[in-house]
Every structure is written in C-alpha cells, then in structure tokens.
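Colleague: Each residue of the sequence shown is one higher than the one before, counting from 5 in this note's numbering.
No wet-lab data here; the hints were simulated from the structure.
All values derive from a computational prediction rather than experimental measurement.
Where a beta carbon is used, it is the ideal one built from N, C-alpha and C, also for glycine.
Mixed in with the good hints there might be a few duds.
[To be verified] Below are the EDC-like pairs computed for lysine to aspartate or glutamate, each with C-alpha atoms no more than 20 angstroms apart in a straight line: (1) Lys76 x Glu195; (2) Lys20 x Glu87; (3) Lys90 x Asp117.
[As the list claims (entries may be wrong)] Computed Cβ-Cβ distance ranges for the label pairs, DEER-style: (4) Asp198 x Arg72: 22 to 30 angstroms; (5) Glu80 x Ser10: 20 to 28 angstroms; (6) Ala193 x Gln123: 38 to 46 angstroms; (7) Gly137 x Thr161: 49 to 57 angstroms; (8) Arg71 x Gln33: 23 to 31 angstroms; (9) Gly112 x Ala187: 41 to 49 angstroms; (10) Asp180 x Pro84: 22 to 30 angstroms; (11) Gly31 x Arg186: 36 to 44 angstroms; (12) Gly102 x Arg200: 30 to 38 angstroms; (13) Thr79 x Trp99: 26 to 34 angstroms; (14) Trp126 x Ala196: 53 to 61 angstroms.
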Amino acid sequence: DQLTASPAEYRDSEFKALLAALRPTHGAQWRAWVALTLCGTQGARQGAVLHLRWEDIDWTASTVTWRRAWDKTGTERTQPMREATKVALRVAEGWTGGGAGWVLPGYGRGASDAPYTIQALWGALRRAEQRSGVLRVPRRAGHGLRRLLAGEVNDLTGNAKLAMDAIGDRDIRQADRYLKPRADRLREAFEALDGRDA
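Go ahead and model the full structure; you've got the sequences and the hints to work with.
Modeller: Here it is in structure tokens:
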C-alpha cells in the first residue's frame, strides 16, 4: 500500500542547462530545443507540444491554443505566449517555413505527415541531461518542466490555483503533486524572517 511519489520537477537552472546543451541551429537538435522550451515556458504536456500546428499560433493576439484532441483531459485552452515561446516558435518557423502543418514535423523516411515523436524527444532529453550534467531523475521528463512552471508561478504569485491554471490543470487537488517543496525558497523565507526580527 505504499504511495508512489509524484515525479520531481526541474529547477530553473537545470532547465537553462538543458536548453544550453541543445543547439537550435543544429538540424538534429532544434526540434528538441523547441519542444523543451514550449514544455517549460507554457507548461503544456509533451503530447500537446508535439502535436502543435501552425494554425494554433495567433501571432496577432500573441496566443497559443492547445487542442483538445491532444490534451490528456480533453480540454482545449488558449494561453498567452511567453517571450521565450515566441523565440522558440520563430526558430521552428525558420526550419519549417511556418504557415501550415506541424510546428515540430517528424523526420526520416515516412515521417512527412507525422509530428516529431515522443521517443525522439525523450532520447534528446536524455542526451541533453548527459551533456549538461543535469542529474537524470526517473519519471521526471517533460512533466518535470510542467512542475517547474507551476512552481515558478506559485513562487511569484503565492497563488496555487493560478499555478495550476498556468499548466492547464483545473483540479486544484493536483497542486500537491505539482507544487514541490523548495528548500532554497524556505531557507530564504526563514532568513528574511530572521532579518526582520533582528
């Protein structure tokens, strides 16, 4: 009857190290760089990111729409694009020409109509972890980037509901699985309290 712990989050320094280990100018690495950027900056699930189409990007409104067909909960949502997301999408546009089709098209024989695969993304993530020295933690993968965004929004706002909204999860009961204890933030809070009391 032992409960399984929810997967760990990546921290911001790890996220930056992973992206630095991938080159958006490299033909074999740009897809993973874009996909991980979108997972970490928008909090979307890997499947939704891999099935993003150019028609889902509204440059005028600066929004991205995640389609219900590719969402685990069957929910369609539109969210504002972050600046790093815009940069990543411009990189993908440079490689694909943008306009229509998959933002992250597959490659290789028979992949012309298919998106980049989850297996390819996981492999690229593992190699980026090795190159960057980021510790591999079982089950962390793309969900660790969703947890990163939820934690960052929660730290910034102190609002767990907003943190869950940022990653498109409507069930506030899931906050305990997504918002990880951050010892460094607790230490900072205690130091601030001690300084105030001095």
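Colleague: Tell me if the beta carbons of aspartate 180 and proline 84 are separated by a distance inside 22 to 30 angstroms.
Modeller: holds, 26 angstroms
Colleague: Is 30 to 38 angstroms respected by the C-beta to C-beta distance linking glycine 102 and arginine 200?
Modeller: With Cβ atoms ~52 angstroms apart, the hint is violated.
Colleague: Lying within 23 to 31 angstroms: is that true of the beta-carbon distance arginine 71 to glutamine 33?
Modeller: Because 26 angstroms falls inside the window, the suggested range holds.
Colleague: In this structure, is the beta-carbon distance linking glutamate 80 and serine 10 contained in 20 to 28 angstroms?
Modeller: holds, 25 angstroms
Colleague: Using the C-beta atoms of glycine 31 and arginine 186, is the stated range 36 to 44 angstroms upheld?
Modeller: holds, 37 angstroms
Colleague: Please work out if lysine 76 and glutamate 195 have their alpha carbons no farther apart than 20 angstroms.
Modeller: violated, 41 angstroms
Colleague: Between alanine 193 and glutamine 123, does the beta-carbon spacing fit 38 to 46 angstroms?
Modeller: holds, 41 angstroms
Colleague: Please test the hint of 53 to 61 angstroms on the beta carbon pair from tryptophan 126 and alanine 196.
Modeller: For tryptophan 126 and alanine 196 the Cβ distance comes to about 39 angstroms; the hint is violated.
Colleague: Do the alpha carbons of lysine 20 and glutamate 87 lie within 20 angstroms of each other, as the hint requires?
Modeller: holds, 15 angstroms
Colleague: Verify the CB-CB distance for aspartate 198 and arginine 72 against the hinted window 22 to 30 angstroms.
Modeller: violated, 49 angstroms
Colleague: Has the hinted range 49 to 57 angstroms been met by the Cβ atoms of glycine 137 and threonine 161?
Modeller: violated, 31 angstroms
Colleague: Starting from the hint 26 to 34 angstroms, judge whether the C-beta atoms of threonine 79 and tryptophan 99 obey it.
Modeller: Holds, since threonine 79 and tryptophan 99 (Cβ atoms, about 29 angstroms apart) stay within the stated range.
Consistency note: the structure conflicts with the earlier hints numbered 1, 3, 4, 7, 12 and 14.
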